[in-house]
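Top to bottom, those sequences are chains A and B. So the number in the numbering used here is just where the residue sits in the first sequence, counting from 1, plus 5. So the number in the numbering used here is just where the residue sits in the second sequence, counting from 1, plus 54.
Check before you lean on any hint, since a few could be wrong.
As the list claims (entries may be wrong) - Taking lysine-lysine and the DSS-like style, the derived pairs with C-alpha atoms no more than 27 Å apart in a straight line are:
id, chain 1, residue 1, chain 2, residue 2
1, B, K444, B, K234
2, B, K292, A, K56
3, A, K34, A, K164
4, A, K14, B, K438
5, A, K81, A, K14
6, A, K14, B, K444
7, A, K41, B, K99
8, A, K81, B, K438
9, B, K438, A, K41
10, A, K163, B, K104
11, A, K141, B, K209
12, A, K41, B, K100
13, B, K104, A, K34
14, B, K438, A, K91
15, B, K438, A, K119
16, A, K163, A, K81
17, B, K209, A, K164
18, A, K163, B, K100
19, B, K444, A, K34
20, A, K41, B, K444
21, B, K234, B, K328
22, A, K9, A, K141
23, A, K164, B, K108
24, A, K163, A, K14
25, A, K91, A, K164
26, B, K209, A, K81
27, B, K444, A, K81
28, A, K7, A, K91
29, B, K234, A, K164
30, A, K81, B, K99
31, A, K141, A, K164
32, B, K100, A, K34
33, B, K328, B, K313
34, B, K108, A, K163
35, B, K99, A, K163
36, A, K34, A, K53
37, A, K9, A, K41
38, B, K105, A, K34
39, B, K132, B, K296
40, A, K34, A, K119
No wet-lab data here; the hints were simulated from the structure.
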Amino acid sequence: MKIKGRVWKYGDDVNTDVIFAGKYTYTIKDRAEMAKYALEDLDPEFTKSAKPGDIIVGGKNWGCGSSREQAAICLKERGVGAIIAKSFARIHYRNCLNEGLPIIISSEVQDLVKSGDELEIDFESGTITVAGRNIKFPPYPEFVQGLVNDGGLIPHVKKSLGLA
Amino acid sequence: MGKTFAEKALGRSIGRQVCANEVVTVEPDFCMSHDNTGPISRTFKKIGVKKVWKPERLVVILDHGVPAPSSDHAVNHKEAREFMREQGAPHFYDVMSGGGVCHQKFPEEGFALPGLIVIGSDSHTCTYGAFGTFATGIGRSEMAAAWATGQIWFKVPESVKITATGRFRRGVSAKDFILKVMGDVKSDGADYMSVEFHGDGITNMSIAERMTLCNLGIEMGAKNAVCPPDDRVLEFIKGREKATGWEPLWADADAVYAKQFTYDLGDIVPGVAKPHTVDNYATIDEVKGTKIDQAFIGTCTNGRLEDLHAAAEILKGRKIAVRTVVIPASWNIYREAMHDGTIDSLLESGCIVCNSGCGPCLGAHMGTLAPGEACISTANRNFKGRMGDKDSFIYLASPYAVAASAIRGEIADPREAL
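With the sequences and hints as input, model every part of the structure.
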C-alpha cells in the first residue's frame, strides 16, 4: 500500500482533548460528524480545510491524555492517511490501530518537514519519502499487522470468531 | 534476576513466568466502563456475539454526565441500563445515591483487589494500583472486543521505580508530591511503562493519598501505576471483596527498572501544574498572586473525604472570594461529609456543593469556564479547553492550595492560611 499526501505538522504532547474535545464525547455519536471537529482546539485551519489523504506529522507523545477513541475516529473519518510521530501515547496508539488508522513512529520525519509538504509512504517497503530523502521505518509486530490487514480490531475479532 | 510487579501480575494471570517486552494475552478479572457503556454496547453488538463472555465481570458506573445534562447524555445512560439488564450483568451503579465517580466507587465496592487484572475504558483506571491491582485504561473498541472474547493483549511493560521516604510537612499533600514527580518524569517519561511507588513515604500514606498518586500515572504515559498491597490495603478491602482468588504481589528487591527516582517527602512544597500540560510544574511561590475566577475541589484525583477535610480546615470561618465548586467523589463520601459537618462548613464559607460525578473536569457541565477565565482545580488534567472554552486556563493543585486560593481570589500558599 502506498499513500501520498500533504503534511500537517504539529509539536510535542498533542493531547486527545485538543484532537477531539471532551464536551463532544457524549453528544456527537455519528462517526462522520466527529470528523467535523477534528483538531478543533489545536488547529482550526485543519478543521476547516484538511483533505482526504493528508498526513499528520507530530513530535513526541502524540495523543496523550484521555482514552477517548473519538480522537482516532475523527481523524480516520476525516480521511487522514497516516500519522507519523516521534512517539505515541499508549492508549491512543492502540486506538488508532484498532480503528485501522495507520501510524508510524519516526524520530526523523518531524524535523525534516513543514506543513504543506508532499510526503509519500510505502508500507510494503517501510519507506517514507519526503524532501528528497527516503526514511525507513520498521514493520508492525506480526499480531498488530494482522489487525491492520483486517482493517481494525472489530473486523479482526469478527474474523477470528468466524462471524465475518 | 528479580521480577517487577507488572511481570508478576501478568505472569500470574497466564500461569507462567513472563519478562518485560514480551506480548501476552490475558483474561481480565474485571472490565470497568462508565457513560461510554452505551457506545461500547453498540460496538459489541456489531461483532455479532449475543452474550458477554462473563457478565459478572462487567462493572458499569455512570459518572461522566450525571444526572444527564442533555438528552444525548440521557440516551447513553438508557443504553447502558438496557444493556446491563439484557446481559443479566449484576454490577451496575446507576444515577442513584449508591453511585459516584467510577474510580472512587470501583474500590469502595471491593472490585480493586491485589494482584487482579482490571481493564477500564477510561484512562484513569490506573488509580486502582493503590490497592495492588494491575489496572490500565483502554479504548472503546478494545472493551467491546474484551466483552466478546474475554481476552486482551498486552506488551509486558518495563517499569519505573519511584521511592519516597519521610513525611509531608504541614499544608503539603500527596498531590503536591505527584505534581513534582510529573515535573521530573514528564508527560511521556513513563510511556508504555509500569510505575511502582516504593518506600516508607508511601506506606505511611493513607489509601486516599495513594489513590491520588496512582491516578496521575497516566499523565506520565504509564500503562499502570501501583503501590505496595500492605496491611492498610488489606484492612480497607476486608469485607468488601467482590472476587476470590486475589493475591498480594510485589516487586522483588532485585527487580530491574528502566528508570529510578528518589524523593524525601519532607522536601516537597506546595506546587501547581500550570496551563496547559500536567508536567508544567511550578512551586506555589512562583505563581502566587495569579488571579483566578473559579476554584474546583473534587474528581477521582482529590474528591475523597480527607480532601474535603483539608479544604474545610482552610476555609473554616472564612469566606470565599471566587465561585468554588465542591464535588464529593461518591455519595458515601458526600454523606460522611454531611454527617461530620464538613458540607455545612463548606456551604457556610460560600462554596456550592454539587452531586457526585465528574462534574466540570472534562468540560461537560457544573462549572465550565468562559474565555479568558482561570480555574484552580484539584483534578488531574489542565489541557487547553479541558474545562470548557479553549481560551481558559487551568492550574492543578492540592485541596489545601485550592481552598487557600478560593479565599484570596488568586493563587495562594496554603501554609500561610493554616
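Hints versus structure:
no.: 1; hint: K444(B) x K234(B); result: holds (25 Å)
no.: 2; hint: K292(B) x K56(A); result: violated (57 Å)
no.: 3; hint: K34(A) x K164(A); result: holds (25 Å)
no.: 4; hint: K14(A) x K438(B); result: holds (19 Å)
no.: 5; hint: K81(A) x K14(A); result: holds (17 Å)
no.: 6; hint: K14(A) x K444(B); result: holds (20 Å)
no.: 7; hint: K41(A) x K99(B); result: holds (26 Å)
no.: 8; hint: K81(A) x K438(B); result: holds (23 Å)
no.: 9; hint: K438(B) x K41(A); result: holds (19 Å)
no.: 10; hint: K163(A) x K104(B); result: holds (13 Å)
no.: 11; hint: K141(A) x K209(B); result: holds (24 Å)
no.: 12; hint: K41(A) x K100(B); result: holds (24 Å)
no.: 13; hint: K104(B) x K34(A); result: holds (23 Å)
no.: 14; hint: K438(B) x K91(A); result: holds (22 Å)
no.: 15; hint: K438(B) x K119(A); result: holds (24 Å)
no.: 16; hint: K163(A) x K81(A); result: holds (20 Å)
no.: 17; hint: K209(B) x K164(A); result: holds (23 Å)
no.: 18; hint: K163(A) x K100(B); result: holds (9 Å)
no.: 19; hint: K444(B) x K34(A); result: holds (22 Å)
no.: 20; hint: K41(A) x K444(B); result: holds (17 Å)
no.: 21; hint: K234(B) x K328(B); result: holds (12 Å)
no.: 22; hint: K9(A) x K141(A); result: holds (16 Å)
no.: 23; hint: K164(A) x K108(B); result: holds (21 Å)
no.: 24; hint: K163(A) x K14(A); result: violated (35 Å)
no.: 25; hint: K91(A) x K164(A); result: violated (32 Å)
no.: 26; hint: K209(B) x K81(A); result: holds (25 Å)
no.: 27; hint: K444(B) x K81(A); result: holds (23 Å)
no.: 28; hint: K7(A) x K91(A); result: holds (21 Å)
no.: 29; hint: K234(B) x K164(A); result: violated (47 Å)
no.: 30; hint: K81(A) x K99(B); result: holds (21 Å)
no.: 31; hint: K141(A) x K164(A); result: violated (31 Å)
no.: 32; hint: K100(B) x K34(A); result: holds (15 Å)
no.: 33; hint: K328(B) x K313(B); result: holds (25 Å)
no.: 34; hint: K108(B) x K163(A); result: holds (18 Å)
no.: 35; hint: K99(B) x K163(A); result: holds (11 Å)
no.: 36; hint: K34(A) x K53(A); result: holds (20 Å)
no.: 37; hint: K9(A) x K41(A); result: holds (22 Å)
no.: 38; hint: K105(B) x K34(A); result: holds (24 Å)
no.: 39; hint: K132(B) x K296(B); result: holds (25 Å)
no.: 40; hint: K34(A) x K119(A); result: violated (33 Å)
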